[in-house]
Amino acid sequence: MFSFCSDPASLEGTKWLACYLTTGKHMAFYASFGTVMVLLLITAPVALLFGFGGAVAARSPFLPLRWFGKSYTAVVRGVPDIAFFLFFVIALDQAFEYIRHKLKCPDWELPVRQGNDFVVCPEAKLPLSSSPQWVHETYGFFIAVLTFAIVFGAFAANVLHGAMRAVPRAQIETAEAYGMTRRQSFWRILVPQMWLYALPGLSNLWMILIKATPLLFLLGVEDIVYWARELGGAKTSAYAYPHPDWRLWYFLALLVFYLGLTRISEILLGRLSARLSHGRATLGSERQGRTA
Amino acid sequence: MKKMIAMSAALAVSAGMALAGSHGMTVRMGTEGAYPPYNFINDNGEVDGFERELGDELCKRAGLTCEWVTNEWDSIIPNLVSGNYDTIIAGMSITAERDEVIDFTQEYIPPSPSLYVALSDDADLKNGVIAAQTNTIQAAFVAESGATLVEFATPDETIAAVRNGEADAVLADSDFLKPIVAESGGELVIVDQVSIGGGVGMGLRESDTELKEKFNAAISSMKEDGTLNALIRKWFGEDAATF
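Taken in sequence, the protein lines are chains A and B. For the first sequence, this note's numbering assigns the number 1 to the initial residue and increments by one for each residue that follows. For the second sequence, this note's numbering assigns the number 1 to the initial residue and increments by one for each residue that follows.
Excised from the complex, chain B in its bound form (with noise of 0.2 angstroms):
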């Protein structure tokens, strides 16, 4: 009790330092942190994963003081335009849907399939029940091909149903899916491969294209001298696709 009162009394008098003067922007990074390799909360409870790696460096080259933040990924991006933070940054495939709402920079991984993944090879895809996370290109795919579909809110939670026979299947990323089933000992195999979607991009406010251009122009430099691509190498394997 005593704590919260000392905590709303800092409130208070850090909310009075704001007359002080805008010096300083710190850009808050939203991510999910539940959707490994890309970012996850590691042990220590901090966020990790490509996507902390490749933002530090990016707010390096574009000379920004960077905070991470983890929001629930079905309102990430409310949550993004009334200005919680500044960027999405959770490995959001850029489709013309989001970009209706949102801003995208240029993509920093390129497309990359998606993979049906159950526990055996002849499950039904066509006709069968099929996990994907909510919000997702995976799920609107999958309500388009005809199979029921079943939404999760977390990535995590669509294997679950696919281990405890909820769903015959799950269509995820396949840079998330292949650690999985490599390593599930033969209990999960790969059944299908399918091309969705383009490729992955910071997401921010549609007003806000300074910030915009500034993360283009560091993922540009990225791209050129080749870092980018060692990154992507290094979280996602050497045969991942790469620019």
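Okay, chain A solo, but in the shape it has when bound (with noise of 0.2 angstroms):
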């Protein structure tokens, strides 16, 4: 980075911080603070979008979609994050290979399971072994994505369909009276409304996917808390800024940050839930009308 940086042996004080600061070690730790902030803002509206689809399956009149929205918040909440994490990203990356594989390969042989060991044709590795790191970077990430959206997005799911249940039965019956059908009184009138009582649910979920991001580290993405190890444990001389174990001050910046990532959305959040409540009949926004 600094053209003194050539000799780190010979630096001290400032010069050396300011050099093993600037290491390309610690810009991947500071690209990584991006990483976590891209996955989130992916993650949370396409977990929204799950938990929507989820909550409208779970109120279907079609008994099978019932039953398949019912079953999908049951059974995903029911398994522990760290095993979802561990052994279903193995087996979604390994069914879209097995897919690939039937139709790129149909001529291919040999079993795909061998033992302990799953063969796939070359051709239908995901990502190929001969691409790029990064394309193999991308892919984890976005198998990453992936899982947070089912697992959170079945959380969510649940939360709608509650929020979906508070909103007042006399509000469907006037829309109905107006001649509405189904459809048009749960766009026109349901969804517009059940926001408010879904906020505390989905923003209590949001503050948790915030937490969740060091499982990234299981899908091999390197987070900010895996370069926080990594760089904050101690060095021997094999490496070029040699340190005793510093992993306080590096977890001390990540407690930081993630109170700043809370504190601002929690601001956020709080206005978000102003605006819904605006001219609506909830004790929130009562409270409101008294104080202004």
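Treat the hints with caution; some may be incorrect.
To be verified - Quick list of simulated restraints, FRET-style, between CB atoms:
(1) Pro78(B) <-> Gly270(A): 41 to 49 angstroms
(2) Ala140(B) <-> Phe96(A): 55 to 63 angstroms
(3) Arg233(B) <-> Val256(A): 55 to 63 angstroms
What the hints assert, rightly or not - Output of the computed footprint for chain B on chain A, the stretches with three or more beta carbons under 8 angstroms from beta carbons of chain B:
(4) 19-27
(5) 54-61
(6) 81-94
(7) 122-130
(8) 238-250
Hints in this document: simulated from the structure, not taken from any laboratory. For each residue, glycine too, the CB sits at the ideal point set by N, CA and C.
Both chains come to you apart, so use the hints to assemble them.
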């Protein structure tokens, strides 16, 4: 980074620190904060979409769809996150590869399962083993987004299902009295009103999602906790910048980051809640009316 | 966000190119990246160490294109058999238990002793608390020895546990511990030495016999011309066991 960094062993004090904090490894650490933020920003809407689908399915008049919606929320919520992240992801990856294997290599004769091994033809590998490392990392990242979305979608489905039931029945009856179809009253009356009831549950989920991002490393994505542990660990002179155990400082930095993130989220969610309560006959809006 | 969209588009394109054929097979080398001097992530964020240098040389001799990947030690075998990379080159001792799940090349590091390291000479190795990394031969040895075993995910954490008093001693490979003891300024001392496990070899899928033979041939050629011994001395010191 700086021109004086070429010989780390001769440096001292602030110069050493300046060089140390700008090594390639530290740059990867700083970039991983971006990875976590991008993951959160993609996962949250996708999980909400999964949750919405799950909630709609769970209240569908069509029985198999209702079963699907209910079993999705029940099963996924019941499986421990760590088990889900360790086994489901490998299974998901293998399922993708198996489908590609069937499509791309119909002439392949060897069995896919050979003892413990899972072997598909080279053309079916996902990503291809010849692809550059960043493709592998991006693929891992999207597998992570998908897994997070499935897990958090199940919780969101439960929250939204409850929120849909919390909208007063009289509202729907009025809509029906005006001659709206089931579909119309759902999209025009139920959905716009349910968000207020869903918000406390969803904001909880958001906070839990923020804290769940270290599970990324189980999926091979190098996240901030991985780098903090790796950089903070005691370093011998095999490294260019030897130092004792500094994990405490790195994890303190993470603490500040996570607390900052939750604080900002709280402020934004509070504003969103205020906006949603506007003009609504709920406890929250009445309290607002009185203070304003 | 835009970048992610561009990336996913690129991903789709490269997946589409799969049809173009399978020329240029790349061998993905899986390592832990937290076990100096065997393998570690250097300050530029790249895999470095004895095994990096060895692996690159083996790939050159076998005429393979190799790419380095890091994976957590705990899930390093499941990810190999499910095909996320093609080899494990991570200071992994050849044991009968592991050999049931994966295959090993011939050893590229001869058997070397493990050390007990503690804060003082009188640490209780028989009944005390001993730290070791999860799923290692050392952890299995401590579990059988009657001492209380505490396991950690990374080698670095086992040392930290001794330093902060959580464990009475740590049991790990001598080549990993020696530089740490030497640079601790007298804080850490070697208490005892035990010989456990065989040599270190590369792990491969059992179905991957062709690749195994290629690496076996490359290791043999490095043993014959003495380059392997030179490499061992370079990374593990002049008194390290050689072939």
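Could you tell me which of the numbered hints above are not met by this structure, giving the numbers in increasing order?
Checked against the structure, the hints that fail are numbers 2, 3, 5, while the rest are satisfied.
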